[in-house]
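Sequence order for the protein chains is A and B.
In terms of this note's numbering, the first sequence opens at residue 1 and continues consecutively.
In terms of this note's numbering, the second sequence opens at residue 1 and continues consecutively.
Derived by calculation from the structure, the hints in this document are not laboratory data.
Not close to chain B: a few residues of chain A, all C-beta gaps over 12 Å, as computed:
hint	residue
1	Thr114
2	Ser281
3	Leu452
4	Ser759
5	Leu870
6	Ser911
Restraint-style ranges between C-beta atoms, simulated for each label pair:
hint	chain 1	residue 1	chain 2	residue 2	range
7	A	Asn565	B	Asn80	28 to 38 Å
8	A	Pro818	B	Gly430	23 to 33 Å
9	A	Asp610	B	Glu42	21 to 31 Å
10	A	Pro780	B	Pro25	30 to 40 Å
11	A	Asp610	B	Asn127	23 to 33 Å
12	A	Asp811	B	Ala95	12 to 22 Å
All residues carry an ideal CB built from backbone N, CA and C; glycine is no exception.
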Amino acid sequence: MKHFLRFCFIGAFFLFTYSLSAQITVSGTVKDASTNETLIGATVLVKGTALGTVTDINGKYSIELPGSSGTLVYSFIGYETLSKDVSSSSTMDVVLNLSSSSLDEVIVNGFATTVTRRNSANAVARVSAKELTEVVNQQTMEGALQGQFAGAEIKSASGAPGGGFSVKMRGVTSVFGNQQPLYILDGVFLNNSTISSGVNTVSEAAGGGNTSTNQDDASNRIADIDPEDIESVEVLKGASAAAIYGSRAAGGVVIITTKRGKAGKARVSLSQTIGTIRPISLLGTRDWNAENVEATGGPDALAVFNAGGLNDYESELFDNTGTNSTSRLTISGGTDKTKYMFGATYKNENGIVENTGYEKASFRLNLDQNVTDWFDVSLSMNYVDSEADRGFFNNGNTNTTVGYALAFTYPWEDLFADANGVYPAGGAGSNVLETVNTVTNRENVDRFIGGLTANFNLFRNEKNNVKFQTRAGMDTYTLKNTGIFPQSLTFYQDPSSLRGVLLAGNTTSQNTNMQGFLIWSHYSSSGITFTTSAGASREDGNLDNNLVTATGLIGSQTNVDQADNVGVNQTKSSFVNHGYVIQEEINYQEKIFLTLGVRADKSTNNGDSDELFFYPKANVAFNLPELGISPSGRVSTLKPRIAYGESQRPPVFSARFNTLNPTFIGQNSGVLTAGILGNPDILPERQKELEFGADVGINNDNIVVGITYYIKTIEDLLLRDQIEPSSGFTTQWVNAGTLQNKGLEITADAGVIKKENFSWSTGINWWMNRSEITELNVDPFNTGGFAASLGQFRIEEGKPATQLVGTVSADDAAELDPDGDGFAVYGDAEPDFQMNWRNSINYENWSLDFLFHWKEGGDNINLSTLLYDLAGTTWDYDDTTLDPSGAMVNGDYRTSEWFAGNAAPWIEDASYIRLRQIGLYRKFPLSWSDGTANLSLGISATNLINIFDYNSYDPEVSNFGGNVLANNVEVTPFPSSKRLNFHIKANF
Amino acid sequence: MNKLHNNILIVFALVIGLSACELDPIADPNGPTAESFETGAELSDLQLLVAGLESVIRNDMEFHYETVSIVAREYYDLNNIDPRYTGELLGAQGAVLDNNGFLTTRSYSARHRSIRNGHILINAATNAEISEAQRNGYFGLAKTIQAFEMLLELNRQYENGIRLDTSDPFNLGPFSSNYQSGLTGIKALLDEANTNLGSAEFAFVSTLADSPAEFAQFNRALAARVATYQNDPAAAMSALNDSFLNLSGAMSDGVYHQFGLSGNDQPNPLFYIPTADVDRYMVHPSFFDDAEAGDTRVTNKTTDLGTTISADDLEGQFQISLYASNTDPVPLIRNEELILIYAEAAMMSDPTGAVNAINVVRNAAGLGDYTGGTDAQSLEDEILHQRRYSLLGEGHRWVDLRRFDRLNEIPLDRAGDTVHIQFPRPVAEG
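For reference, chain A alone in the conformation it holds in the complex (with noise of 0.2 Å):
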C-alpha cells in the first residue's frame, strides 16, 4: 500500500504537468510569514479569471496566465489574502500572514471539513484561548464561555464549588428533554451527565411537590474538562450548522480544540494564580426591633434581643474569605515531524461555605506525528481527578439543608458549640453550624479522555487532493459520591429518625466513538474547489449508577457496612448510534460557497432501532464584493447567507419500556408495573431550523458585523401524556406537538486603534430568542417547580415554552385569568435580550481586557423569599416598597396575597448586569532570551461588579440543576461568589 501510494504521488506529478500555448507562466512557493513552513493547498487564482491551482505537497504552485501580465491573488484558510502583480515569467515566492478579523477565523462545516468564517454560511461562535482563561482564573470551561457569545444561555445553577450549569443554544428546544449541547473535545464525544448523589435521603426534597431527585445541587460533568488545555471552543447553536451530527445535536454542538505543539524549540510556561472567593452579596437580616422580635420569638426572644445577644447565623455561613490556587505548566514544541504539548494543572480552592471546596488535578498529552508524508497520527490524552465538597443546599422537607434551615433560624438562638464541641440543636429542625461542620456531600471524579486521529493524504495533484480521516474516542470516568450524615447530629438523635445516613454512590460511564471520512477536494481549472465528504460514524454509551443507602449508623463509622439498614439502587442505561454522512461543499472562486449535506441516523433510543432517519443540510452564502457588487467603497465584505438544517433529539432511554420495578412480600420476591406506559412507537423529537443573515465588513474588515435571524422548529415533540388510570398506568411517552424559537443575533466586532505599541479592539453581541408552542396534541398541563401555588411552567397552544404562570385569587382572576383556565401568567423565563460588550487594551507591554454581560428580562421563581416569609425573617421583611397602598410590610404583603390565592409574590425578574471578568497584566521580556521569553504578572476578578434588582444572592440559580425546563426556580441555595486573583506565568 504504502509503496504503491509513493508510487502514485510520483506519477501524478508527471500526469498534470501540461503546457498549452500560454503567454507566461509564474511558479513559485507559498509559505507562513511567521514559521516559515509551506503551506499545502492554498489557492493561486489570476485575478479576474477563472483560472487558479493550488500549491502543492511542498508549498509548490505554476501558473499559467492568459496575457502578458496580470494579478496574481495568494489564499489560505485562515491567512490574509495577498495579491502580487506579474508581468512575466518568473518565480514569485511569497508568505502570507495570519489573519486577526474575525472574518478569517477557521470554523468547523462538518464532521471532518472546515471553512473560514469569511465563506461560512452559518453563525458559529467561536470563543479562543485567550477570552477563556488568559483574562481571569476559571472554574470550569461552561463558566468560562458564560456571556462570551451570542445566542446562548448558559447559567450557573448554584455558587456550590466544581461547577453545575445548564447551556442552552438558541432557547429551550425540548419540554422534558435534556436541553444540554453535545460537547466534542478532539474528536471526543463526551459525557455530560448530572449524577444525583443521593442526599434526597436526607432532604426529601423529591417528597413534596416534586418527585424530581435533580433537586440535590449536582454538578454536570463537562466541569472535569481543564479550561487551561483549550485553545478554542466552536458552538453550533442549532440544526443549521449541527446537522452532520445527527441524532444528537438537538441542543447544539460545542467543539471543543486543545492546545498542539508547534515545531520548534521547547517552550515552556509556567504560571501560578492565588486569589480569594468573596459572596457576591450578602443578604442581611431582618431589621429586628424589640416589637417583632417579641412578636415573632416571644418573651425569651426580647430578653436575648434587649440583652444584645441576637447572633446573625447568615453571616456565620457565608460572610466568609475563600482562597483559591490554580498551578499549570505546559511543555511544548517539537520537529517537522513531531509535535508534542505536556500540559498540567493543579487547582485548589476552598468555597465560602466551611468544609465546601473544589481540588482538581489534570494531565494532558498531544502528539502529532508525521509518520510519512501521506499519513500523519495526533493523539490527546487527558486525565483528571477531581473531588468537589459542594455542602448541603437547595430545598428539602425535612429542614435539614443548610439553606432551608437557615430561613427557619432565629436570631435569638444559640446554635454554637459548646466547650466540648457538642452542638445544641436547632429550632429550624437541625442546627446549621453544626450541619454545615459535620456534613460531608463529595463528588469524586477519576476520568480519562482519549482520542486519536489519522490522516491519511491517498493522493494529490494539483487539482485533487483525497484523504481518508479517521477518528476515535473513548471517554471513561468514575464518580463516587461520598455523602457522610453522622449519627451524632442533633437531627438525627430522635429514635424514630433515620439516625445517620451514610451515601456510597459509584458511577462509572464509557462513551466510545469511531468516525471514518474520505474527503476529496477537487480544484478545477475554472477556480471552482469542490470538497466531498462522505463517511460514517458510531457512538457507544454505557452509564452505571449503583447508590448504596446506609442509616442506622452504629457508633460514628464511615462504612456502609456499620449500618442497620443498607438499601442498594441501580440505574444503567446504554445507547448505539449509528450516522451515514454525505456532504458536498462547492467554492465558486471565492464568490458563492455551497455546502449540501445529508446523515441518515439510527439509535438505540428509537422506537425502531433500525429505522434510518435523515437530517439533511443545505447552506449557500455570497460574497458580494467579489461578485462585483459593493454598495460603497468602504465595504470590503459583503456576505448574505442562509442556512439550513435537521436533527434531533432521542426519546428518553426508558420511553419504550413497561419496565417492571422489584418488589418484596412474605417470603418472595415480586415484580410489579411502573406508572409509565411503554411505547414502542416512539420517534425522536426532530429540529428542523432555518438561519439566514449577512456579514458585512468595513474598512478592510476592521469593523464586522453579523445580523442573524432564526426559525428553530421543533416537531414531534416529547410530552408525557397523562393517560386513562383505569389503564393501570398514568402517563405515557408520546410525540404530540410542536415548537418553535424565533431569535436573532447580532454581533460586531472593531479594531478601534491598531498601531505598533498601542491596540483597542472592542466587541458587542446582542441576541434574543423567542419561543411559542405552535402546536398540542395533549392538555395543557403544568410542569417544573413544585405547584401551580408557587409558580409553574404551562405547556400550553400559542403561548412561550417558557411562560410562567401561576394560581390566582378570586379578586383578580378576572383581570389576571381572561381564559378562565386557572391559572394567571406571573412572567417568562425567557430574557427580553441578552448583550455583552468585550474589550481588550494594549498599551506597550500592559494589556487590559474585560467582559460585561447584561440580560435583560426572563423571570425566577423565588421561592426562598417565601419560605424566609414564612419565618418572618426576610431581610427587606419590615420595608414597604411592595403594597400599593403602603399600608402592609413586604413580609406580610407578600404573604397575604399568597394565602389569598395569588403566585404572584414568588415570581420575580431576574435581569443581571455584570461585569463577567476583567484582567490587567504587564508582561516583562526577559533579557536573556532571544526575545520570546518573558514573565508577566497580572491582576483579573470575576464578577466584580453584579447589579441587579433580584431578592436573593444571584438570578443565576436552579434548584432543578441544568437539565430540565424549569432551571430557574430557586430554593435557598449555595450563594455565589466573585473572585479576585493575582497572576505570575513565565513564558521560556
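On the provided structure of chain A, position chain B as indicated by the hints.
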C-alpha cells in the same frame, strides 16, 4: 489510476460496511419488562408475577381506607399538613371533591395498577407451557384479586361506575352504567375465578391462601360481600356456605395483606405512631358517645393521647390504633365481617339465626347478648351498630350507611360541612 480509485473505494466500503450492520434494540437493563413475560414464562417467572400482584395491592391502600373512613367521620386527619383532609374531603362549605386531586386519583390509579398486574399474570399464564390445572390456579388468583380491587374502587365511584374490562390498555372497555351494574360485573368475575379455582393446582406460593380450596373460600367471602351490596340475601347465604365463615372461630380469622421492613417490602401504612405529630388520625368523639358500656372494641381500637388534638375547628383525643406495629397485617376480609354478613342475610328469613350471629360478635366484644327487638328495623340498626364498631376504619361505615340510605346519620361538626355520596371520576378518564 483505476487501481488507486479501487483502493479508495475499498477503504471507504470497509468503513461503511463496518458500521452499516443492523442495529439491534437494547433490552431494558434496569428490570424485566411486561412484554418479556408474555410468552414462554416459566413457573419461576409466574411466581414473580404472583408475588408482584399480592404486593401491588398494598400500594397506596391508605388512600382508600383513609378517605372513605374520613368521609364517614370514623376518624379525622388532624395533621394539619394538607388542608384538603379537613376541607375538601369533609365537604366544608359544600366543597366538592377535585376530580384531579390526589384524594380522588391516588387510590383510583393504584387499584387499577393492581388490576393491570393481574392482566399481566393472566396473559403470562395463558401463554406459558404449564398444565391446565396450574393455569386455572393463576387465573383464579388473579381474577379474585382483580375483583377485590375493583370492588374497593367501585365503592368510591358508586353510581359513576367503573370500567369492567381493562385487559387492553390501548382499548379500554366502557364504564358500568351505575353501581349495581358494576357489582354485577364483579360478581361475574368472582364466579369465573371460583370456577377456575374448582379445578386448580397452585404451582406457586401465595401470601393470601395456601391452596386452591382455601383461596376459593376467600373468593366466596368476597362474593358474599358483593351479594350483600346487591341486597341479595339468598346469594349472600349461599356464598357464605362456601366461604371461611366460622361462627365459633376467632373474629380475626381471615385473609390478610402481609408487611415487612426489608428492602423492597412495604410497611403497614395504616400503623400510626402515637407520639408522632404527623400521625394525628383522631377517632370521632361520637364513637365513644354512641358505644355501649364495656365494649372492648372501643378501647382496643383507639389510643388516648391524653390531650385534645385540634385542627381546623375539629378535634379528637383518641388516635385510631387498629394495628400494633408497622408490620401488623391488614385484613382484606375477615370472619367478623362474614358473621355480620350472615346476620344481615338472615335478618328477614331467620331472625333467630341473625340474633345468634349478632351475639357471637357482641360476646367477642365483651358485651352481653342482644336484647332488642327482632323486627327488621331493630335488627338493621343493631347490625349497622355492630358493623360500625367491629369494622372501624376498615372501609365499611360510609358504604353501609349509603346502602341503607342513612348517610344523614353521619355527624357533622362544623356549620357548612357536607357528606360526599361518591368520588368523582378522575379527569384523566376523559
